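A.B. asks: Sequence:
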Amino acid sequence: MADYNHNDIESRWQQYWRDNGVFKTEIKKDRPKYYVLDMFPYPSGAGLHVGHPLGYIASDIYSRYKRQQGFNVLHPMGYDAYGLPAEQYAIQTGQHPEKTTNANIERYRSQLDKIGFSFDWSREVRTCDPKYYKWTQWAFMQMFNHYYDTKLGKARPISELIAHLEKHGTEGLNAAETKEITLTADQWNAMTEKEQRETLMNWRIAFQGETMVNWCPELGTVLANDEVSEGLSVRGGFPVEQKLMRQWCLRVSAYAPRLLDDLNDLAWSDSLKETQRNWIGRSEGAEMKFPVKDSDLELEIFTTRADTVFGVTFMVLAPESEYVRLLTTPAQKDAVEAYLNEVKHKTERERQIDKKVTGVFTGAYAINPLSGKEIPIWVSDYVLAGYGTGAIMAVPAHDSRDYSFAKKFNLPIIPLIEGADVSEESFDAKEGIVCNSCGPDLDLNGLTVKEAIAKTKKHISEKGIGRVKVNYRLRDAIFSRQRYWGEPFPVYYKDGIAYLMDESALPLLLPEVSSYLPTADGEPPLGRAENWKTPEGYPIELCTMPGFAGSSAYYLRYMDPHNEEALVSKEADEYWRDVDLYVGGAEHATGHLIYSRFWNKFLYDLGLVVSPEPFKKLVNQGMIQGRTNFVYRIKGTNTFVSKGLIDKYDTMPIRVDVNIVSNDILDQDAFKAWRPDFADAEFILEDGKYVCGYAVEKMSKSMFNVVNPDDIVEKYGADTLRLYEMFLGPVEQSKPWDTNGIDGVNRFLRKLWNIFSKRTDAERSAQEKKIMHTLIKKVSQDIENFSFNTSVAAFMIAVNELSKLPSVSVESMDEFARLIAPFAPHIAEEFWHELGHDGSVSDSEWPKWEEEALKEDTVKYPVQFNGKMRFNIEVPAGSDKAAVETAVLADPAAEKWLEGKTPKKVIVVPGRIVNIVL
RNA sequence: GCAGGAAUGGUGGAAUGGUAGACACGGGGGACUUAAAAUCCCCUGGCCUUUGCGGGCUGUGUGGGUUCGAGUCCCAUUUCCUGUACCA
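Take the first sequence: its position 510, counted from the start at 1, is 503 in our numbering, and no numbers get skipped.
Mixed in with the good hints, there may be bad ones.
As the list claims (entries may be wrong) - Below, in silico cross-link-like pairs of lysine to aspartate or glutamate (EDC-like), each with a Cα-Cα straight-line distance of 16 Å or less: (1) LYS762 with ASP731; (2) LYS172 with GLU313; (3) LYS487 with GLU191.
By construction, these hints were calculated from the structure, which means they are not laboratory data. Source: prediction; values computed, not measured.
With these hints in hand, go ahead and build the complete structure from the sequences.
C.D. replies: Shown next as structure tokens:
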């Protein structure tokens, strides 16, 4: 055989896989299915860097392995093609986002193809493809036409809710709602169609609501909470402010209990489940009514500390609360107005940066229902309108936020826990013995906090002052974006009221526009589309759907991507069911992974999918960071000093392209050619070399630390890239990319190639068989545990051992080819065919190890004295504890350490160790 | 602040409570070669000791604990990463 030529081998087998449709998948009812999915990428203009394929390689290894084990593996890939960058680019250049997106997709595809993935490309989906987004729009229509029945805990058709309203009004209605509404049947029936439709928005799962949104003036759009970071837009870094707008929303909050409970059965990492639990944010507490003095009004509050009611010294309303208007006394009106104005104009960022305590007195008082005391009602922006009831009872002694407010405005602070010192700070811990808590009907003194909470809850429910309540932090998802590049809503407006289009109108195609900017009167770009009307002339919704719309159910579409009648056929859904293994970044923990679960549960409620959860097992691959190299220029010159000598000069570090640095040694000629201003650079070297410094940073063009997988594939081959990415460390772990070290993996493949070239037909020795079966066992177990770095190490050990043998058998090479096929499929395929097999090595059988082959004649025991390692002995395999003990004590080496003493105890752990306690 | 995770040689990283540092990079030495590349072999945590073979001690962020035995389990603590943040 010729030398190992990766370029020739890899292009040849990639062609073979394409020509023979090796990875095309179909339903095979006689075989068990396994669905391996990667989070599909957003095709950005920068192309893939070497960090992106990490997860894809891991999942590819796993799916090829499962396939060799006899599973019918679904392993698709596609593109999350809607997104802001393409639109931003379109605004700047006038180029249609579709064009940019398609160009980027093509680039991604060619990069992916070079790495040798086993994707079934015939199932590719693109979220911006009308044949795909038809089903995104369709799902939205279903959500519009359903409400959530809180008693049954599932979505029901809105027609059932209407029937209920017609008969009973809101009496006995159990529906997740935006706000509490009370209606009689007569009132409902007397409403106009317009009024009824408006009222129904209170219950629909896809509904319009007035919501406080993160408005980004620069981007001209509303952003989701997870698109905002520290008051700035994640994309672009523009300031974000609060604004009340009528928006499409999804009633995700209705599913909060199920989203929480069902987490328990998922094979996800604990940290990710915990993140979702926190995000859903269940808290058990009580809702309690505080009557307002000299008024019929009652303030409802939510608290988890019912035990602290006797320490309530004031109440606080969120600035957005409607009670502010109702309660403010004439004397305080101006002050309150001024405060509301101030708060409104603060951006989210300003609120976060300046944590000053602010607030204003409304002039009104409430009555503490347990103590009967009068307490002032204040307004402050530290109370959130979106959580609980938008009003709180303030217990400054035991809540740090209430405490600083009380200090600032000189409000009383009453400690309620024995021994709690509240002179400097509040005592927030939920522990201790309650004191100062005795009213006319209720005495909590002497109880623990826990007991006091229970007793108070019981008391208030009995007296009708309040009720036990569970609150969730999870908020409804805002579903409108004032953007062009997204799915249009199949919605038109008649008399200002939203109506769904007929399903036959789907897909509702995204129209052409003259410019991708908002219109002069601040309407979204779709306001520029000509004839954006129904045939009857009604205007169509101008907003488009957000990014998560298209990515919420794509895993279902892969099951049946070309179906024009349904999102997924019954047959395909029942066969593929759910994703067995989902691989992707942890950054989607609170976005995509919540929305997808919600979306799936909704479809499950409608009986359209059979699995209540979309992703059974989830692995978060770590992020690959960049490793930036630095050169050190003497200030004001063009002379560069090697890293070891920089102390002797006044230098400044400059980032240098990592592609002209190898093992931190600079290629000086390449450096001079890199940028014109370095053409006449001079160097001060150490040991004849220029040594660069390094730092770990994000991989990005501006840091000159981007490594393109294409270059690695060109130089070392896809098999080397795949093995090396796995060899770098555990898949879940974040780590900097460092090309140093890739030679080791490449060397291993060349060694393997040489061994293969020298294979013989002779029967293999027991020793050789043992090497192979040790490897089979190790690799099989490691793949199951997603421990790919140690499997690569095992391959290297095996090759080193095999290379020491005089010859290696065909049988071993046959096994080796099958074992390494998931990791390095090209070289494996080459071996497989050299060995005279037909078909792809991916369809070969995964080798099984024989315990028999791994057996030893003797067992080696390390012998310790008092836990300190002393010597080794060998005993025949199968010796029992007593035999081992006798052998150890009889061993001449033992004498020296025994020093004539009799051991107190001899501990023999079969197969592991012997410890002698003196 | 809260939640989750991590800390092991010059570097990336291995170690079901049982000989810490597998494997690889880098480094050092050697073989082959006119030379270089490639390849192959040996050494490579630290300290001490021995002419040599070797031997000893120490060592997994820090301090305690459990255990015959701890990188691993428990308690405390420091630092770093990731997520989240006025959630009552």
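A.B. asks: Work down the list of hints and note, for each, if the structure agrees.
C.D. replies: Consistency of the hints with the structure:
no.: 1; hint: LYS762 with ASP731; in the structure: violated, 36 Å
no.: 2; hint: LYS172 with GLU313; in the structure: holds, 15 Å
no.: 3; hint: LYS487 with GLU191; in the structure: holds, 12 Å
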